[in-house]
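Undergrad: Going down the list, the protein sequences come from chains A and B. Residues in the first sequence are numbered from 1 upward in steps of one, following our numbering. Residues in the second sequence are numbered from 1 upward in steps of one, following our numbering.
If you're looking for bench data, these hints aren't it; they were derived computationally from the structure. Yeah, the Cβ is synthetic: ideal placement off N, Cα and C, and Gly gets one too. Where hints are given, some of them may not hold.
Claimed, not checked - Calculated Cβ distances over 10 Å to all of chain B for the following chain A residues:
| no. | residue |
| --- | --- |
| 1 | P58 |
| 2 | A131 |
| 3 | T166 |
| 4 | R174 |
| 5 | N181 |
| 6 | T183 |
Unchecked claim - One-sided excerpt, in silico: chain A residues whose CB lies under 8 Å from chain B:
| no. | residue |
| --- | --- |
| 7 | Y123 |
| 8 | Y176 |
| 9 | L178 |
| 10 | C179 |
| 11 | M197 |
What follows is each chain in one-letter form.
2 protein chains.
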Amino acid sequence: MNRIITIGREFGSGGRELGRRLSEIMGIAYYDREVIMEISKRTEMSEQYVRQIMNQRPVISYPIHIGRHFVTSTNPVLQQSLEVFSSQREILREMAEKSDCIIIGRCADYILADREPARLFVYADIKSRIARCREKDPEENRTDAALEKEILKIDKGRAAYYNHFTGLEWGNPRNYDLCVNTTNCEIKNLAQCLAGMFY
Amino acid sequence: MNRIITIGREFGSGGRELGRRLSEIMGIAYYDREVIMEISKRTEMSEQYVRQIMNQRPVISYPIHIGRHFVTSTNPVLQQSLEVFSSQREILREMAEKSDCIIIGRCADYILADREPARLFVYADIKSRIARCREKDPEENRTDAALEKEILKIDKGRAAYYNHFTGLEWGNPRNYDLCVNTTNCEIKNLAQCLAGMFY
């Protein structure tokens, strides 16, 4: 069975960089945006729209009661959410089948549970996440307060999507094998250390 | 500054074994029961009593209102809790001063915060914790349900003591650098892997 490492991460925690560096050190495949690109291709939705769907809780439709008949509303947004998740599941399973790999986000820990992945969750305090965002984008000129609001909003969306489709709680240590706090941490060094754990 | 590793752990998660093995591999001091023994010596309370105090939330005393006078009750159990914690702080600081070391529990992550310890938290699902308890004590003949109840009670006590004196939440990833799930995990192998992270 291929070795799979899944990485859930808070926005700005460096989880994506950690995954990329780990994949370089270990010489295994790395999937991040590739998942979205592939979903976009298969569902014929734009990448941006797929990303938007994956960053929020699906809008639920309830049956509408008309007289004595029940009519299930065909809420198009909900349909699209389901389509994205279904496509996501298919793609992740294909990727896991192909070779050893590292997958960032996308509920991979849950979708690939039967393949017993090493499930990482990467987090950090809000100050260091703001600092990391500024480092990555020197032209970022919003205030700390505005950035914090944005970061927490993104996390809320990720959590909502994850919780909805997995029935688990995003970021709860029970759902991961290793939770790593990257506050005041050099991702480069951390990747070296963690790679030792996975050899 | 000496290198300090603190290990908080759920009962039955193998955190103590992990600490002992890490200390052997890294060749550094290991403190577990030693802390209790030393507190017992300095406070002249029995080891068992010290342990009991450290496994529960201190009983708070409120001022008693008599007529127009306020009289602060001198609750002896609360006094003893405070004495134990004060002694605990003193001892841990001495240990951290002496050499590199690994300290199990005892709010060491909080007490030694200014020494920037690597703060581990070790946890596991309840089934594997029950199995680990049976493995350690083959004469353990309580039912799974009874063992589970006991394990959760011990954790509740540890959490209450920790939360009371630190003002933080025991087991919350925000308060640790690394949280390790030992479910289905060989502690021996895990110790080897983690040691690589601390060299």
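Undergrad: Which of the numbered hints above does this structure break?
TA: 4, 5 and 6
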